[in-house]
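Chemist: The primary structure of each chain is shown beneath.
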Amino acid sequence: MKDQSNSSKQQKPKLTKAERRELQEAQRAAKAAAKGEGNKASATATSANARPAKAVKPAQKSDNASVAATEKKGGDFPHEKDRKKDVPQPRLQYDDKSRVEKAKRRSVVKQTEARNRVELFRHLPQYEHGSQLPDLEAKFFDLYPMHPAVYKVGLQYISGDISGGNDRCIAMLQAFQEAIKDYKVPPEKSLGRDLTAKIGSYVSFLIECRPLSISMGNAIRFLKSQIAKLPLTLSESEAKTSLQADIERFISEKIVLANKVIVKHAVTKIRDGDVLLTYGSSLAVEMILLHAHELGKQFRVVIVDSRPKLRGQQLLRRLVEKGLNCTYTHINGVSYIMHEVSRVFLGAESILSNGTVYSRVGTASVAMVAHAARVPVIVCCEAYKFHERVQLDSICSNELGDPEVISNVPGRMDVNHLNGWADIENLQLLNLIYDAMPSDYVSMIVTDYGMVPPTSVPVIVREYGREQVWI
Amino acid sequence: MPDVHTLVNEFLNQLKKRKIEGSQATAKQAAELLRSVISQQRLPQTHQATALISAVRAVGEKLIAANPVELAVGNIVRRVLHIIREEDLSLATAAIDGLELSAVSDDEDDVERDDYPVLSAAAVAAAARSTLRPPSLQTLLEDTPISAAIPHTSSSGGDSEGKSRSVDKSSRGRKLKHDVIEAVNELIQDISTCYEQIAEQAVEHIHQNEVILTLGSSKTVLEFLCAAKEKKRSFKVFVAEGAPRYQGHLLAKELAARGLQTTVITDSAVFAMISRVNMVIVGAHAVMANGGVIAPVGLNMVALAAQRHAVPFVVLAGSHKLCPLYPHNPEVLLNELRSPSELLDFGEFSDCMDSASGGSLHVVNPTFDYVPPKLVSLFITDTGGHNPSYMYRLIADYYSADDLVVKRRPATTS
Numbered sequence: 001m002k003d004q005s006n007s008s009k010q011q012k013p014k015l016t017k018a019e020r021r022e023l024q025e026a027q028r029a030a031k032a033a034a035k036g037e038g039n040k041a042s043a044t045a046t047s048a049n050a051r052p053a054k055a056v057k058p059a060q061k062s063d064n065a066s067v068a069a070t071e072k073k074g075g076d077f078p079h080e081k082d083r084k085k086d087v088p089q090p091r092l093q094y095d096d097k098s099r100v101e102k103a104k105r106r107s108v109v110k111q112t113e114a115r116n117r118v119e120l121f122r123h124l125p126q127y128e129h130g131s132q133l134p135d136l137e138a139k140f141f142d143l144y145p146m147h148p149a150v151y152k153v154g155l156q157y158i159s160g161d162i163s164g165g166n167d168r169c170i171a172m173l174q175a176f177q178e179a180i181k182d183y184k185v186p187p188e189k190s191l192g193r194d195l196t197a198k199i200g201s202y203v204s205f206l207i208e209c210r211p212l213s214i215s216m217g218n219a220i221r222f223l224k225s226q227i228a229k230l231p232l233t234l235s236e237s238e239a240k241t242s243l244q245a246d247i248e249r250f251i252s253e254k255i256v257l258a259n260k261v262i263v264k265h266a267v268t269k270i271r272d273g274d275v276l277l278t279y280g281s282s283l284a285v286e287m288i289l290l291h292a293h294e295l296g297k298q299f300r301v302v303i304v305d306s307r308p309k310l311r312g313q314q315l316l317r318r319l320v321e322k323g324l325n326c327t328y329t330h331i332n333g334v335s336y337i338m339h340e341v342s343r344v345f346l347g348a349e350s351i352l353s354n355g356t357v358y359s360r361v362g363t364a365s366v367a368m369v370a371h372a373a374r375v376p377v378i379v380c381c382e383a384y385k386f387h388e389r390v391q392l393d394s395i396c397s398n399e400l401g402d403p404e405v406i407s408n409v410p411g412r413m414d415v416n417h418l419n420g421w422a423d424i425e426n427l428q429l430l431n432l433i434y435d436a437m438p439s440d441y442v443s444m445i446v447t448d449y450g451m452v453p454p455t456s457v458p459v460i461v462r463e464y465g466r467e468q469v470w471i
Numbered sequence: 001m002p003d004v005h006t007l008v009n010e011f012l013n014q015l016k017k018r019k020i021e022g023s024q025a026t027a028k029q030a031a032e033l034l035r036s037v038i039s040q041q042r043l044p045q046t047h048q049a050t051a052l053i054s055a056v057r058a059v060g061e062k063l064i065a066a067n068p069v070e071l072a073v074g075n076i077v078r079r080v081l082h083i084i085r086e087e088d089l090s091l092a093t094a095a096i097d098g099l100e101l102s103a104v105s106d107d108e109d110d111v112e113r114d115d116y117p118v119l120s121a122a123a124v125a126a127a128a129r130s131t132l133r134p135p136s137l138q139t140l141l142e143d144t145p146i147s148a149a150i151p152h153t154s155s156s157g158g159d160s161e162g163k164s165r166s167v168d169k170s171s172r173g174r175k176l177k178h179d180v181i182e183a184v185n186e187l188i189q190d191i192s193t194c195y196e197q198i199a200e201q202a203v204e205h206i207h208q209n210e211v212i213l214t215l216g217s218s219k220t221v222l223e224f225l226c227a228a229k230e231k232k233r234s235f236k237v238f239v240a241e242g243a244p245r246y247q248g249h250l251l252a253k254e255l256a257a258r259g260l261q262t263t264v265i266t267d268s269a270v271f272a273m274i275s276r277v278n279m280v281i282v283g284a285h286a287v288m289a290n291g292g293v294i295a296p297v298g299l300n301m302v303a304l305a306a307q308r309h310a311v312p313f314v315v316l317a318g319s320h321k322l323c324p325l326y327p328h329n330p331e332v333l334l335n336e337l338r339s340p341s342e343l344l345d346f347g348e349f350s351d352c353m354d355s356a357s358g359g360s361l362h363v364v365n366p367t368f369d370y371v372p373p374k375l376v377s378l379f380i381t382d383t384g385g386h387n388p389s390y391m392y393r394l395i396a397d398y399y400s401a402d403d404l405v406v407k408r409r410p411a412t413t414s
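Protein chains in written order, with full-length UniProt numbering: chain A, 1 to 471; chain B, 1 to 414.
Note that these hints are calculated values from the structure, not bench results.
Heads up, some of the hints might be wrong.
Partner residues aside, some chain B positions facing chain A, computed with beta carbon under 7 Å [claimed, not checked]:
#1 ILE20
#2 LEU43
#3 ALA243
#4 ILE265
#5 LEU343
#6 PHE346
#7 PRO366
Some chain B residues well away from chain A (every beta-carbon gap over 10 Å; in silico) [what the hints assert, rightly or not]:
#8 ILE188
#9 ASP190
#10 ALA252
Being a predicted model, the structure only gives us computed values, none of them experimental.
Beta carbons: idealized from backbone N, C-alpha and C, even for Gly.
If we strip away everything but chain A, and leave its shape as in the complex, we get (with noise of 0.2 Å):
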């Protein structure tokens, strides 16, 4: 590395300020004619003649960059200003007033803010649930930029019908098949501006709908990419059929083979005579425990479960009419059921770059629980789903289900102290969905690169990252 830097400032020409600062124009504005252009060949070339200094490295990378046409993140090895620009854009922070007028004003959606919000939580949407359905209905006829498949897919969000990380995205991603399969360019229009501008309509509406989860953002970012990588030679049916290949591609490539790979590599730490624990529902964990009973392995399921989306009822449900021998508990109970327990299987709903697991709220606690019984914790997780974001605690960046459910317990009549909260000044109810976990809980990560450890996931997500993980 020395040799190459010491050698490559030798040969660099020794310029002056005025010499610089003209480079350094005509780079930018190389490479605004390249953004322009949605051409990929000529900005390496222009940036690769404007930067002979870093010859070595960055040629080899150039020829695999993505051109920044909806990235702001640079594809070369990256300049002290595009490594600025490789920052995440912040998200909308909801105690932001005048921004989120601006939204409003763009919103497709009617929604009521809820009454009695939690003070730590203004920086998250709250809305009134059932506010939005009635009103969407009514809107059905005129919403005609929306496509029936994605406004399908944003009432299915809304009302529950989808929920799960994998399930919102493959409903995400066919419905914009579908969009895409009945999309006209308009005349005197790009394809690619025009669509991508549609796009990205359909998902400021699913956001609405219901926040975006990280590994649908993942999915999007690939989408987008790959609208902007066409070439600018084909037809409209031909980059339509691309693009729609494209995604089939994905859902087969990265989601569904990526669990058999997980389930393959999982299945092999499961030994006889386990006591393994889940929580909630994973279609990860599912998998696995399901693929080792096929094998025959001879071992016992705890699953854990807790309110209020009981998801866990329904793996229970799954694994006992398949002939697994399981236990249920409450998370409440985790700590007594611990000290039976050898392996503890969880799911995610993505991996951050400091290694913090977020996924459904509870099981930060129940690996918590876990670590202080020395029970090692593997989750499984496909790398779609990793994000270059950072979070160090469940506060800053989360979501705000519904609070009904927390007053109402289904199946249990004598519980309703809660009845009429809303009523009540200083009462509020605190329906969290995420929680993150810190990576020291982890002991393991099992995805479709293989067994890593939590430290390895930055790495992942820039080596692999954007140009092969979405291909």
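Take the given structure of chain A and dock chain B to it, following the hints.
Modeler: Coordinates of chain B only, in the frame set by chain A:
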């Protein structure tokens, strides 16, 4: 006494069927029951204390066996036994001091069984202490009380002195009962007022703009927080609902009604919220001799989260909750499993319960959690604030070492 027997059986039934909720109510009722037992117990002339002790022991053994997990019952039984011993001891020392001030009354002679010749002061003291002597080889080998040996050591004296001794003994007997019942009344009073004394200390621990977390519901915690509110400290409370009993809902409603900013969260969100919390305040079911806490289920998880985030974990407990036993395997032995119907609906899962389909389904619904002493920062009791490592010393104040195992000793005669 039929009255006492029916009372005892009633209480036993209630304990067995778990009809009594809460350690305070249980402790109070147990104390009242034992008071009736004592007051209706006929005492012999000599060794009244031993007689009382074995009577209380007999009843206590049955009470503890009815609900072993309700440690408050055993605590009260042991407290009463300790009271009897203490009162007996203090009376004996008073008798030694007041040797000169004895009244003579002739009719007392008839009741007397043993012939007490004149006794010297030292012999009296020895006799007095003999009733409370810890078990030693001598007492075990002696069938009859030590008074049989005393005539040999007696010095000569007038009959009047002997009568005065006998008067002392019988009036001591009446006085013993009286003192014991007074002390038990004090105990009942203490149990009833433990909330106020704990709540008085609230203002030292809760300051302005604090955020407090609690789980489930406890009257002690409610009074504690309200006392701080009375002193114009404004703070916020997060209440975790405490599945599957959901008592957190009740507590939250109460607190909101009294003007405190309350937020109800699910138990799974405790780890997420605890980074913004200044203090965790909880009640306990029982406090063990090593400083460990038997607490409602879920509190071990909260204690671990509090330790991770360096948040003080404060346990409020009245002194009737302090148990002189050490916890061995507390998750299993000091726990109760409740009905699975609180977690799963039988109707929905009846087809799964049928093991012919393949897998077996087992539901675990524990009532209590054990929190080890290293996770507890402070105990606040009606005698003040204490470290967990200090709790074993409080035991010496309230309990005697003889009473740890409440079983009738076969050698003792009543």
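Chemist: Next, verify each hint and record whether it holds.
Modeler: Quick rundown of the hints versus the structure:
The closest approach between the C-beta of ILE20 (chain B) and any C-beta of chain A is roughly 19 Å, which is over the 7 Å cut-off, so the hint fails. At about 47 Å, the closest approach between the beta carbon of LEU43 (chain B) and any beta carbon in chain A exceeds 7 Å, and the interface hint on this residue is violated. Annotation: interface hint on ALA243 (chain B) holds; nearest CB of chain A at approximately 5 Å, less than 7 Å. Restraint check, ILE265 (chain B) versus chain A: the minimum CB separation of about 5 Å is within 7 Å; hint holds.
Interface hint at LEU343 (chain B): satisfied, since its Cβ lies 6 Å from the closest Cβ of chain A, which is below the 7 Å cut-off. Contact between PHE346 (chain B) and chain A, as hinted, is not supported at the beta carbon level, the nearest pair being about 10 Å apart and thus beyond 7 Å. Evaluation of the PRO366 (chain B) hint against chain A yields a held restraint, the C-beta minimum of about 4 Å falling below 7 Å. Look at ILE188 (chain B): its CB is around 31 Å from the nearest CB on chain A, clear of 10 Å, so calling it non-interface holds up.
With a least CB separation of 31 Å from chain A, ASP190 (chain B) remains clear of the 10 Å interface cut-off, as annotated. Non-interface status of ALA252 (chain B) relative to chain A is broken: a Cβ of that chain comes within 10 Å, the nearest being about 6 Å off.
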